[in-house]
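Novice: Model the full assembly from the supplied sequences, consistent with the hints where possible.
There are 2 protein chains.
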Amino acid sequence: MQDDFNVQMNEFLPLRDVVFNTLRQAILTGELKPGERLMEIHLANKLGVSRTPIREAIRKLELEGLVTMIPRRGAEVAQITEKSMTDVLEVRRALDALCAELACERITEAETEQLHRACEAFEAAVKTRDLKKIARADVQLHDIIVQATGNQRLVQLVNNLSEQMYRYRFEYIKDASQHQRLIEEHRIIYESIVKKDRETASQAARVHIDNQKKAIIAQIRSEKTGH
Amino acid sequence: MQDDFNVQMNEFLPLRDVVFNTLRQAILTGELKPGERLMEIHLANKLGVSRTPIREAIRKLELEGLVTMIPRRGAEVAQITEKSMTDVLEVRRALDALCAELACERITEAETEQLHRACEAFEAAVKTRDLKKIARADVQLHDIIVQATGNQRLVQLVNNLSEQMYRYRFEYIKDASQHQRLIEEHRIIYESIVKKDRETASQAARVHIDNQKKAIIAQIRSEKTGH
DNA sequence: CTGATGTATTTTGTATACAAGGATTGTACT
DNA sequence: AGTACAATCCTTGTATACAAAATACATCAG
Chain X
6 MQDDFNVQMN EFLPLRDVVF NTLRQAILTG ELKPGERLME IHLANKLGVS RTPIREAIRK
66 LELEGLVTMI PRRGAEVAQI TEKSMTDVLE VRRALDALCA ELACERITEA ETEQLHRACE
126 AFEAAVKTRD LKKIARADVQ LHDIIVQATG NQRLVQLVNN LSEQMYRYRF EYIKDASQHQ
186 RLIEEHRIIY ESIVKKDRET ASQAARVHID NQKKAIIAQI RSEKTGH
Chain H
6 MQDDFNVQMN EFLPLRDVVF NTLRQAILTG ELKPGERLME IHLANKLGVS RTPIREAIRK
66 LELEGLVTMI PRRGAEVAQI TEKSMTDVLE VRRALDALCA ELACERITEA ETEQLHRACE
126 AFEAAVKTRD LKKIARADVQ LHDIIVQATG NQRLVQLVNN LSEQMYRYRF EYIKDASQHQ
186 RLIEEHRIIY ESIVKKDRET ASQAARVHID NQKKAIIAQI RSEKTGH
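Residue numbers (our numbering), protein chains in the order written: chain X, 6 to 232; chain H, 6 to 232.
Fair warning: there could be bad hints in the mix.
Given that identical chains are not distinguished, each listed pair holds provided it fits within a single copy or across any two copies.
As the list claims (entries may be wrong) - Below 20 Å or equal to it, Euclidean Cα-Cα: the simulated EDC-like pairs (lysine to aspartate or glutamate) are: (1) K201 <-> E95; (2) K179 <-> E190; (3) K88 <-> E110; (4) K88 <-> E106.
Everything labelled a hint here was simulated from the structure, so no lab data went into it.
Specialist: Below, the structure written as structure tokens:
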């Protein structure tokens, strides 16, 4: 299987899952652009597989909302509109708040320790000024909280919603003047979870998303109007 | 296409979607029981189609969480455990509260009118003592609120989560002594949405789910122990 | 009688074949 | 030159074929 996209070759994952991950990644990174048609034979040739795994992968992308089906015309990459992003962010805001509250109740000792380390890792990442590293540290920290809820369904939903914003993941950390505030926000979340202060934790989670929203919406608008 | 399940024969829906809806319905109603294997050739014969649409339908069911894939062994109907239901209900509680809040801000005149009629229809349904009719009226009322949020992603997620509880849809309205309270709860939700009282509306939505949760958990426990 | 091994069957995973609907392009006619 | 119509090509939707893995079963040895 030669590739153009970067295909992860986990030897014994079914091809459909390899294709699914590959296409999803390509869509989320913007390698496949909104509105672009996903033609089965073309993709099959490109990825060196037959149409069958391609089709099955598309069915999953369809349900995930990354792809839009047009009857008798096939799949195309779903448009990203300001509306679709605010819709996603609105839901994520509620679910992130829920995660914070549940984490207060259910976080284990080990996870608390992880969270502590993640906070420090984030501070360290900020010092490097490396956006990729900062983004990764932020995701890491967030994941620990989500996992601490112990709610698998919630984990799955939040991860899916997060993915939708993947291509804007740098926007809200691009502004270095906000870095100190981000560290502060994380500290508040960490401390309120330790203190089991649900209200403060969920409020901080909401603020966190609100800030992301501002950055992402600003970016979308500038993409549309400017240049 | 002959059937055993009730297949909806929307003439120009792709077979995969017909199969998807059919299987989903069968799983949600309990016609296909948790743990039961979904064998492709068998289903293909039963539904009178080839394996291809069956497989594509299964891919979607997989992502919806109604089906579990076992490597090189195929699909089986996902288990319903108390944990999986509380997970779902926990998320739904937060999202229903969000729906109520957003509805306060965004509901249109026409939708308010619909909601009013739905409340009255629910009262009328309760008087008939017909559980099916009551359940339908309740769903109807709920749908109006969800739609009123104007958030398509939210609509999709809430509908999906609701589906997971489909087979318990009668449990929380079985107890006739609670009917009056249900009417009262609906009235509170309706009035607080009209008054744009977010706090009361979301609180009422949460109470509503909490009651469903009690009924459903009680049912699951009785299925497991006594039955 | 029990356990292990080899064979047969079943079932998935993948590829390909075939049919039907849409889109596109070219041509003829106004 | 522009529009309408027809032929062709392309793409999807569906069915089937083939291979490999897993399971079940039966036979044989201890």
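Novice: Would you pick out the hints that fail for this structure and give their numbers low to high?
Specialist: Of the numbered hints given earlier, the structure breaks none, since each of them holds.
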